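Protein chains: 2
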Amino acid sequence: MNNKVYFTPGPSELYPTVPQHMQEAMAQKIGTISHRSKQFQEIYAGAESGLRKLLQLPDEYEVFFVASATEVWERAIQNNVQRESFHLVNGSFSKRFYETAKELGREAQLHEVPFGQGFDVESINVPETAELVALIQNETSSGACLPVEDINRFREKASDDALIYVDAVSSLPYPAFDYTLVDSVYFSVQKCFGLPAGLGVWLVNDRCMAKARALQESGLSIGSYHTLPTLLEKALVSQTVETPNVLNIYLLGKVLEDMNRKGVATIRQETEAKAAQIYTFLEQSTVFSPAVENPKHRSKTTIVANTSIPASEVNSHLAKYDLQVGSGYGKYKDSQIRIANFPAHSMEQVERLLEKLRELEN
Amino acid sequence: MNNKVYFTPGPSELYPTVPQHMQEAMAQKIGTISHRSKQFQEIYAGAESGLRKLLQLPDEYEVFFVASATEVWERAIQNNVQRESFHLVNGSFSKRFYETAKELGREAQLHEVPFGQGFDVESINVPETAELVALIQNETSSGACLPVEDINRFREKASDDALIYVDAVSSLPYPAFDYTLVDSVYFSVQKCFGLPAGLGVWLVNDRCMAKARALQESGLSIGSYHTLPTLLEKALVSQTVETPNVLNIYLLGKVLEDMNRKGVATIRQETEAKAAQIYTFLEQSTVFSPAVENPKHRSKTTIVANTSIPASEVNSHLAKYDLQVGSGYGKYKDSQIRIANFPAHSMEQVERLLEKLRELEN
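Chains A and B supply the protein sequences, listed in that same order.
Numbering of the first sequence is given in full-length UniProt numbering, commencing with residue 1 and proceeding in unit increments.
Numbering of the second sequence is given in full-length UniProt numbering, commencing with residue 1 and proceeding in unit increments.
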């Protein structure tokens with residue numbers, strides 16, 4: 001039995017109801033049923049409608065299930081960019097989206113600030129020729145976030161035809177997006193939704209759909225089984241093109257029922273309350289300090305701290321109490337720790353974590 | 001509680017040990033651990049070595065975990081075909097691979113025989129210019145198979161540089177391939193490995209790797225996160241590029257331990273013994289008959305029968321006994337049934353199914 005509580009930034013703690021839902025899934029043989037059955041279509045439709053409700057998603061958005069957020073990067077470029085994309089880069093994951101565009105032969109432009117910094121949106125010029133503007137609402141590697149009010153300013157900055165993409169991999173459902181001011185948002189289920197990994201969710205509006213169709217009609221290859229038109233064709237009958245991760249779609253639907261019962265407002269309030277506790281601790285600590293300087297740019301869901309004690313030693317200490325935080329990303333492996341503050345993490349667990357981190361100051 | 005036994009051709013019955021492995025996975029919090037942790041690397045390495053042992057895979061082969069066999073079709077074309085591929089087509093899935101090549105802008109050639117027929121390999125001419133030869137060992141839609149001895153003749157038929165790809169989605173580990181005479185084999189875990197869906201396995205040899213590198217060096221885009229070189233870079237440290245379906249990789253490793261304990265020879269013998277029972281029944285039945293005429297081309301793992309009673313009525317009858325077969329594929333939905341004969345299906349379950357199908361003859 002593993003009793004450890006994981007504050008790793010994803011995969012992370014499962015939402016508390018997941019073990020019970022998994023037991024029910026096994027009893028109902030959800031791993032066995034056909035992905036072309038009526039039973040699966042109901043599971044799919046339930047997950048989709050649960051998500052639409054939680055996120056208050058406008059009708060002009062489609063919900064697509066793919067394998068990972070990493071896949072979304074590739075599909076976004078294939079389906080929505082003929083020549084040029086523009087990327088805000090301030091960490092490893094936003095950089096990876098930029099690199100994906102280049103690997104796929106596109107002209108990718110970037111506006112880059114150092115790892116751990118947020119963006120001064122006022123100063124950013126979006127090229128007139130950019131067809132896709134890649135924003136990163138929450139950079140999981142550095143703990144920097146882009147506030148929703150800043151995201152909302154890009155519609156005016158970009159050309160009329162540009163599609164605004166928002167990486168919310170490790171923050172949704174926390175940010176209350178204005179979906180009418182962006183065109184696509186995507187996330188992974190192993191972060192704030194507290195599920196096992198192996199499913200990415202890609203939300204696109206009718207503008208993304210139209211662009212994909214236009215590229216396809218122009219003779220450009222926009223991919224094969226996961227083009228936007230192909231995804232939509234199956235989504236309209238609550239199915240996927242390939243045999244998907246049925247079990248995870250089932251679990252997502254169940255967790256969304258739980259989350260909707262609780263209400264997204266409560267989830268957001270709890271996220272903020274726990275984040276406040278963590279940041280207050282970091283600011284007062286003699287060992288740790290918030291890695292992101294500007295409080296406005298500090299993520300509420302993936303909180304990164306500089307540490308004067310190597311991250312590996314921090315985790316050795318925490319292990320005695322069955323606790324674990326994430327180590328820093330890449331070259332910050334030992335000089336930073338990352339603390340996930342997801343809906344699965346309770347205030348009690350956060351308080352216990354901070355209590356044990358505090359012991360390192362003695 | 002769902003007590004039905006599913007003979008659907010995938011997703012299908014879970015391998016009998018899966019519920020117990022899933023319980024253990026939840027107790028060990030496998031859905032929570034990081035995909036960059038040592039614990040995950042051990043899980044990955046265990047699944048890979050279990051597969052190498054079961055399939056007696058030569059060292060020059062790499063094992064890659066992707067999202068689905070559908071994904072393999074796309075990646076195979078991107079990584080291994082500059083201009084032209086050649087496809088044996090005799091059903092919906094082999095046709096789909098051919099169409100994938102065309103969607104990705106390649107010149108795809110095909111040798112097509114009617115749905116439900118096998119191939120007369122003697123008569124097939126492989127174009128000298130084909131860079132990839134797509135063989136389908138087991139056509140899940142029609143129940144036609146390509147015997148291993150026929151597969152082995154394509155190395156001589158194709159040009160020296162051509163890569164021979166084998167679709168074994170719904171048959172491995174049953175076919176005892178000569179891996180030195182082919183270059184890539186792929187399958188999905190929700191068929192004969194008895195796992196929940198959401199994971200494809202792609203086996204490639206060094207010739208496939210070399211071709212991908214040559215295409216990349218020539219300046220062709222071979223994709224982004226799932227190019228063969230990128231997959232290999234991570235596989236060498238027992239990791240994946242993206243956050244994968246960790247739970248399924250864990251379950252695959254556990255089922256492979258169980259299968260290796262039993263031994264692949266026993267699994268193959270049992271598969272043949274159950275298939276013999278099913279085909280004997282079909283040949284003697286007044287309602288059903290084998291859909292594939294030539295016994296040599298009849299699949300041992302996905303057995304398709306013509307039915308004079310609509311498939312939906314067959315399943316209505318079977319439902320009374322908590323049994324279900326697959327309906328026919330596509331336009332054969334009601335005129336055929338498909339019976340999965342996977343390692344998860346016991347002889348006792350097969351006998352019970354045949355007993356209840358026999359009642360329809362009265």
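Hints listed in this document are in silico derivations from the structure and should not be mistaken for laboratory results.
There's no promise every hint is true.
Note that the list lumps identical chains together, so a pair holds whenever it fits in one copy or between two copies.
[Unchecked claim] Below, simulated DSS-like cross-link-like pairs (lysine-lysine); rule was C-alpha separation at most 30 Å, straight line: (1) Lys262 x Lys29; (2) Lys4 x Lys29; (3) Lys262 x Lys157; (4) Lys331 x Lys38; (5) Lys102 x Lys29; (6) Lys300 x Lys38; (7) Lys320 x Lys102.
Values in this document were obtained by computation on a predicted structure and should not be read as measured data.
Cross-check of the supplied hints:
1. Taking CA atoms no more than 30 Å apart as the test, lysine 262 paired with lysine 29 passes in both settings, with 27 Å inside one copy and 24 Å between copies.
2. Within a single copy, lysine 4 and lysine 29 get their C-alpha atoms as close as 29 Å, and across copies as close as 9 Å, so both meet the 30 Å cut-off.
3. With identical chains, the CA atoms of lysine 262 and lysine 157 are never at most 30 Å apart, being 37 Å at best within one copy and 64 Å at best between copies.
4. Taking the shortest alpha-carbon separations for lysine 331 and lysine 38, only the inter-copy value of 18 Å comes in at or below 30 Å, while the best intra-copy value is 49 Å.
5. For a Cα distance limit of 30 Å, the shortest separation of lysine 102 from lysine 29 qualifies neither inside one copy, at 43 Å, nor across copies, at 37 Å.
6. Taking the closest pair of Cα atoms, lysine 300 and lysine 38 come within 30 Å of each other only across two copies (28 Å); inside a single copy the shortest separation is 39 Å, beyond that limit.
7. For the identical chains of this complex, lysine 320 and lysine 102 are neighbours neither inside a copy (45 Å) nor across copies (57 Å), given an alpha-carbon limit of 30 Å.
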